[in-house]
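S.K.: As a plain string of letters, each chain reads:
Number of protein chains: 2
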Amino acid sequence: MPKVNDTFDADISALRAQIDDIDHQLLSLLAKRRKVTSQVGALKSEAGVAIFDPAREQALLASLKEKCHSYEVSPELIQDLFKRIMRDSYSSQDEKGYQKVNAKIEKVVVIGGNGQLGSIFVDLFSRSGYQVLSLEEQDWNNADNLLSGANLVIVAVPINVTEQVISKLNGLDKQCILADITSIKSTPMEKMLSVHKGPVVGLHPMFGPGVTGMIKQTVIVCEGRDLFACEWLMQQLQVWGAELKYYSAAEHDETMAMVQVMRHFSTISYGYHLMQEGADLQRLLDMSSPIYRLELAMVGRLFAQDKQLYADIIFSNGNNVAVMKRYAERFLTLLSAVECQDKALFLDTFTQVSDWFGDYAQSFLIESQQLLNKTKES
Amino acid sequence: MPKVNDTFDADISALRAQIDDIDHQLLSLLAKRRKVTSQVGALKSEAGVAIFDPAREQALLASLKEKCHSYEVSPELIQDLFKRIMRDSYSSQDEKGYQKVNAKIEKVVVIGGNGQLGSIFVDLFSRSGYQVLSLEEQDWNNADNLLSGANLVIVAVPINVTEQVISKLNGLDKQCILADITSIKSTPMEKMLSVHKGPVVGLHPMFGPGVTGMIKQTVIVCEGRDLFACEWLMQQLQVWGAELKYYSAAEHDETMAMVQVMRHFSTISYGYHLMQEGADLQRLLDMSSPIYRLELAMVGRLFAQDKQLYADIIFSNGNNVAVMKRYAERFLTLLSAVECQDKALFLDTFTQVSDWFGDYAQSFLIESQQLLNKTKES
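Protein chains in written order, with the working numbering: chain A, 41 to 418; chain B, 41 to 418.
Here chain A stands alone, though its shape is the one from the complex (with noise of 0.2 Å):
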């Protein structure tokens, strides 16, 4: 029946007019919008407020919430735009720059200031006015001068030569700040401690390569020496939108094991594991729900990066073997249960894990829910 294919494209080309009309209006309304949020950037920067403001953004998501009943639109929809639009907000307020949080530093070096971690604090540091050197590999003949007059020394190197730098800081000025941001806490900072005398402390910047700014990333805090001392340094970081958690080397490096270790090294074998079973890769993604399509992700992602980096993580602390051969009986002594067709067994285990996560599971549950949603955006 052409005829009607006629009526039914011409219809469908009117009415997708009208979407690319609205569409462009849409656009020009959101960079009318970034303008505004950028001159709010500019007067936060020069009043020393800091550009994450929780309350504003909850403020003005459930204003929002409130209207989408009469303008007829889904609440969650305008609930997941909004969020987006407030991230790309930020990211403009954050283009004018920062406030210097204390007019009397005169000199921060970042030890390793070209990597990928050292070069955000650099940045970040710069567009807030401090006068930031780099010391890198190839500098240490000229370090003194460097180094010389330094309000803060912040190691930024690779875990495995973390130590040896270290090692060669022992002539700092007294009042000099000696901070880290190795992603483990207890051997960094004993050496800190040893070879410097003034204030230490250690900071774990909890965020991997891909994130370029501060906002609302987190940061773990460890005390060394003199934490009052070191009260500028983490205001700045707040100012710059980091969210500080306070915890010792230990426990640190105790959770770290649980987490990050054990996360890395079971995703590295599960890797191995599928390699050896000799998977069909397209296989397996054609038959992926969102789900398991992410979960292959999150495995794949990490064979895209730097090998010594996990490698140097996992072979850092001799506990670390500890608690993944813990895992792996574990693994097993469930395993058993279903290998002996002991589901009576196997159910009682699940309601004894359940019943400790309590309420998590649930909020776990509708968190990865919503970022679910979003795999099929893709």
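Careful, some of the hints might be misleading.
Same chains, same label: a pair holds when it works inside one copy or across any pair of copies.
As a list, the in silico DMTMM-like pairs of lysine to aspartate or glutamate whose alpha-carbon atoms are at most 20 Å apart [unchecked claim]:
| # | residue 1 | residue 2 |
| --- | --- | --- |
| 1 | K75 | D63 |
| 2 | K256 | D128 |
| 3 | K256 | D326 |
| 4 | K75 | E97 |
| 5 | K208 | D179 |
| 6 | K285 | D163 |
| 7 | K214 | E263 |
| 8 | K107 | D128 |
| 9 | K347 | D382 |
Keep in mind that the hints were calculated from the coordinates and are not lab data. Just so we're clear, the structure is a prediction, and the values are computed from it rather than from any experiment.
Fit chain B to the given chain A structure using the hints.
M.R.: Structure of chain B alone, referenced to chain A:
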């Protein structure tokens, strides 16, 4: 300096008023857009055209991306926003119902049609103009009546009673299609083929509880008997937006053992391990970067779900135990490299797996990174 603060507050308020005004305009445009896309849906439904139109989606995103430069907005922002808007627009198109692909079908019966997955099928069939009945546990004394004259019977009961339910279906009309939607395929397919002499097809919709429709969801199709007679059903699934992948029952089950069963089981073991280690969940969350938080959520979410379902999947296939034992062996082999401080061996294994993943590793990294960026919005 209260004067500076007064100016600051007034300036910020003025800018925020502008933002609020822009946001209202955005809301009203989005509402207008939804009205237009819902008309597109009505037209498509009348004409029997699939709602999901990848080519139009690609073209629209590409044309928007081109315009970003002249509007001075971020292309990443626009891509993310419009993908989300299009997801909403599909659901608006969906509201108007779907085309009935096969006008000759008089009766569809979904056994377990009140269940989570079954009810999605009941809903979609009825919104496509089919007469559709549910047959529940309490209806078996009336089963002959309910099943009489059915052109399609779909078994959508829990995995542990699937075979038992199929065994009761020996009285179906010869021309009736018998289908199931169980997450394992070999045993239910064998059972269906032995009980029923007409067309048989195995389906596995690859989506979990949170999903409400079929748009962009993968459905695995396993041929049983007379796939030609099932053709209209495949078309109907596609009209609903499903993407079909054809595999044999054996290929399906092998892949599931490698992905689904393995991931469920190791996730349950990891939850069990965290409990036995006496982990402090709040501390784990405090020290989680977005990726660890997501991984932790992927573990915890499982324990908010139906334990019987997981047990049934894990216990469903004797072959599962063998696969998981091989995984545990590989885990321990790799762990012994860590224990012996043999970093070279570890790195070598990593490289092998990395090579095996090939280009997938990089694309998984990009895909998961896009998703991880979104976790910072909530």
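S.K.: All hints are to be evaluated individually against the structure, with a verdict given for each.
M.R.: Here is what the structure says about each hint:
1. K75 <-> D63: Both: 19 Å inside a copy, 14 Å across copies.
2. K256 <-> D128: So K256 and D128 pass the 20 Å test inside one copy only (13 Å; across, 28 Å).
3. K256 <-> D326: Classified as between; 13 Å across copies, 35 Å inside a copy.
4. K75 <-> E97: For K75 and E97, only the intra-copy Cα distance (18 Å) is at most 20 Å; the inter-copy one is 28 Å.
5. K208 <-> D179: Within. Shortest intra-copy distance 13 Å satisfies the 20 Å Cα cut-off; inter-copy 80 Å does not.
6. K285 <-> D163: neither (23 Å within a copy, 48 Å between copies)
7. K214 <-> E263: within (17 Å within a copy, 77 Å between copies)
8. K107 <-> D128: Answer is between: at 17 Å across copies they meet the 20 Å cutoff, but 22 Å inside does not.
9. K347 <-> D382: between (40 Å within a copy, 14 Å between copies)
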